[in-house]
Every structure is written in structure tokens, then in C-alpha cells.
Amino acid sequence: EPEVTQTPSHQVTQMGQEVILRCVPISNHLYFYWYRQILGQKVEFLVSFYNNEISEKSEIFDDQFSVERPDGSNFTLKIRSTKLEDSAMYFCASSIRDSSYEQYFGPGTRLTVT
Amino acid sequence: DQQVKQNSPSLSVQEGRISILNCDYTNSMFDYFLWYKKYPAEGPTFLISISSIKDKNEDGRFTVFLNKSAKHLSLHIVPSQPGDSAVYFCAASEWQAGTALIFGKGTTLSVSS
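In order, the protein sequences belong to chains A and B. Residue numbers for the first sequence, in this note's numbering: 1 to 114. Residue numbers for the second sequence, in this note's numbering: 1001 to 1113.
The shape of chain B in the complex, shown without the other chains:
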């Protein structure tokens, strides 16, 4: 039962262009969403989050958009840099249900120079 889905296992982008990573969810009770970046042999690193009461949150080159009606969120990275090459995980939580983060399977982003 995949409550959080990242349907694109990989994405390749040229340096300087926009990277758009997508995530869909099925549980309408999710009220907090996060993006994590993970390099090989390291733990997930928190990038940016968004509460369900918002539809956009921006932090530097990273912007997360939330479309609650479509149960869809996306992470935009502008401009993309080679150092952004990593696996990106979307995660969600439901405050009322507890503390667990539910992760998607991840999208591997490759930024070429």
C-alpha cells in the first residue's frame, strides 16, 4: 500500500536548468509534507517542508508546491547544480495519527554540467 508515490525513478537535467520532482499521495489526512535529499552512504538530509494549510513554500533555490485537491506536491530546484545530484525523497505525516514519516521510493536526480 503506497501512500506516497514518486513515479519517476530518475530525472536528468542540465546545470542551470530547472529540476521538477513530483510526488503523489493517497491519504487525504496527511497534513505535513517534507522533501529529503540523500547521498550514497549518508542519511536523508532535510531540505524543505510544507504544511497542508499552504500551497507554496520557498527556501533559496528550492520551492515546494502543494496541490491538495490533486493530492500532489512538487519540488522545484532553480537553478540546478551538479551538487544537487542525489536521491530525493518525498515524505508525509498525519499529525493526528502519530509521528511516523511515510516515505516515497525516491527519485534519483542527475545534474550534468
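Extracted from the complex, chain A is given alone in its bound form:
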């Protein structure tokens, strides 16, 4: 069964450093998403991406964040200058169509900012 994969599973970085989280969505899916879950809190939407551009973003997704689909398979989330409060689980998801359809999530990357 096809699945969303994410690397790395755990990333430790120092405050102010740049990190790139990587995702390989399900191959025939057209919509891609990033969500995050701070420990003990709910899963929060960050951004959605369709047709090589951002289709929607939340207030959390400020200028420190960017997304890219550098090739036909990868989808990345970059945080330019990490802050302590960026520590969270970051989940990538993909769906075959828009929000009327199910989003399938990857296993997540645990980002720890020290």
C-alpha cells in the first residue's frame, strides 16, 4: 500500500539554524500539506501546496517557513532560523484531490531546537 514517507525521523538543531524537513508524498497525489503538533497540543495546519504553488497557509506559516517541490517526488519544508518554539512533530500529508478528500499522513519528523 502506498504511503507518505518523511526524513529524518528526528532532527536536533540549535536555535537560529536552518532546517529542511523532507517528505515523499504518495505518487499519484496532487495536493501536499505540512502540519505540526507541539507536544500535548493538537495537530495544526501549516500550509498546502498544489500545482507548484502555495494554495493556503496558516498564521503559523510566517516568513521563516518555506516549502518547495524540488523534483517530481520530494516535498520539503524549510525553517530558515529556528526558534525554541519550533520544536514539534512535523507531519507531511498528501491527498489525491482537495479538502473533500482524505489526507494521508507520514510518520512525522520530530524537530528539537536547543
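None of these hints come from the bench; they were simulated from the model. Beta carbons are placed, not taken as given, at the ideal position from N, Cα and C, and that holds for glycine. Honestly, I wouldn't trust all of these hints.
[As the list claims (entries may be wrong)] Below 30 Å or equal to it, Euclidean Cα-Cα: the simulated BS3-like pairs (lysine-lysine) are:
id : chain 1 : residue 1 : chain 2 : residue 2
1  : B       : Lys1054   : A       : Lys57
2  : B       : Lys1071   : A       : Lys42
3  : B       : Lys1054   : A       : Lys78
4  : B       : Lys1038   : A       : Lys78
5  : B       : Lys1105   : A       : Lys78
6  : B       : Lys1056   : A       : Lys78
7  : B       : Lys1068   : A       : Lys78
8  : B       : Lys1038   : A       : Lys57
9  : A       : Lys83     : B       : Lys1068
10 : B       : Lys1056   : A       : Lys42
11 : B       : Lys1005   : A       : Lys83
[Stated by the list, open to error] What the simulated footprint calls covered on chain A by chain B, stretch by stretch (three residues with Cβ under 8 Å from a Cβ of chain B suffice, anywhere in the stretch; the number is not a length):
id : stretch
12 : 42 to 48
13 : 76 to 87
Mind docking chain B on chain A? Use the hints.
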């Protein structure tokens, strides 16, 4: 501003019995609802969904009921199995507003044998 609320943080059920997980929402524009299951150190796994034009959707042991007038949905698991023990998230989306899923805080289900 909690648009999706799961007011029970935990639920304990015996194996073989019914588990009922509840979810309330405040945004009447939501038109698609989903349930996800999450094990520790894994991503949310899609379970079942329902469109606002329906009031019930069934898939094996899982049934989701939607009561639009009450802005309430529930997930029934019958019969419950120990492997169902996980955190269950309710999520909703509004097609016109975009693609984001809005999640509740989750309910931890424990099924004992």
C-alpha cells in the same frame, strides 16, 4: 478558538463492547469530516470520513454519525479490540475556505481484554 472540540480526553472500554467517541464543531460551514487514529511515534492514520450531505457512513467495525443540527459527530467502533487502543482525532474541513484540516485535541481510547 476551538472550532473542533473533543471534550473527552480519554475513554476506557472492554474488549468486545462498543466504543463511542464524540466530536462537536462550531463552524456551520464545515462540509467534510474525518476521523484519524494515531499511535505513539506515528502519523495520524485515516479511518473514515463523512460528507455533510450524509448522516451516516459505515466501514467494517467503524461507523460515523453526523448530526448537522447539533453540530455533532460520533465514531462508533463495534466490537472494540485491544488493537484499537490509540488516540482518535476528529477533523473537519470547509471546501470553499481551502484545504486545511482543522483537528480536535483527540481522545485516548483504551480497550482492555
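Outcome of the hint check:
Between Lys1054/B and Lys57/A the alpha-carbon distance is near 29 Å, which keeps this suggested pair within the 30 Å criterion. Taking the CA atoms of Lys1071/B and Lys42/A, the gap is near 20 Å; set against the 30 Å cutoff, the hint holds. Taken as a hint, the Lys1054/B and Lys78/A pair is broken in the structure, with Cα atoms around 39 Å apart against an allowance of 30 Å. Using a Cα cut-off of 30 Å, the hinted pair Lys1038/B and Lys78/A holds, with the two alpha carbons roughly 25 Å apart.
Our distance criterion of 30 Å between C-alpha atoms is met by Lys1105/B and Lys78/A, whose separation comes to about 26 Å. Between Lys1056/B and Lys78/A the CA atoms are separated by roughly 40 Å; this puts the pair beyond 30 Å, and the hint is violated. Our distance criterion of 30 Å between C-alpha atoms is broken by Lys1068/B and Lys78/A, whose separation comes to about 39 Å. At most 30 Å may separate the alpha-carbon atoms for a hinted pair to count; Lys1038/B and Lys57/A meet this at roughly 24 Å.
Under the criterion of a C-alpha separation no larger than 30 Å, the hint pairing Lys83/A with Lys1068/B is inconsistent with the structure, at around 41 Å. At most 30 Å may separate the alpha-carbon atoms for a hinted pair to count; Lys1056/B and Lys42/A meet this at roughly 26 Å. Simply put, Lys1005/B and Lys83/A have alpha-carbon atoms about 29 Å apart, close enough for the 30 Å limit, and the pair holds. For the stretch 42 to 48 of chain A, the stated coverage by chain B is satisfied: 5 residues place a CB nearer than 8 Å to a CB of that chain, which reaches the threshold of 3.
Counting residues of the stretch 76 to 87 of chain A whose CB lies closer than 8 Å to any CB of chain B gives 0, which falls below the minimum of 3, so the coverage claim is violated.
Hint violations for this structure: numbers 3, 6, 7, 9, 13, all remaining hints satisfied.
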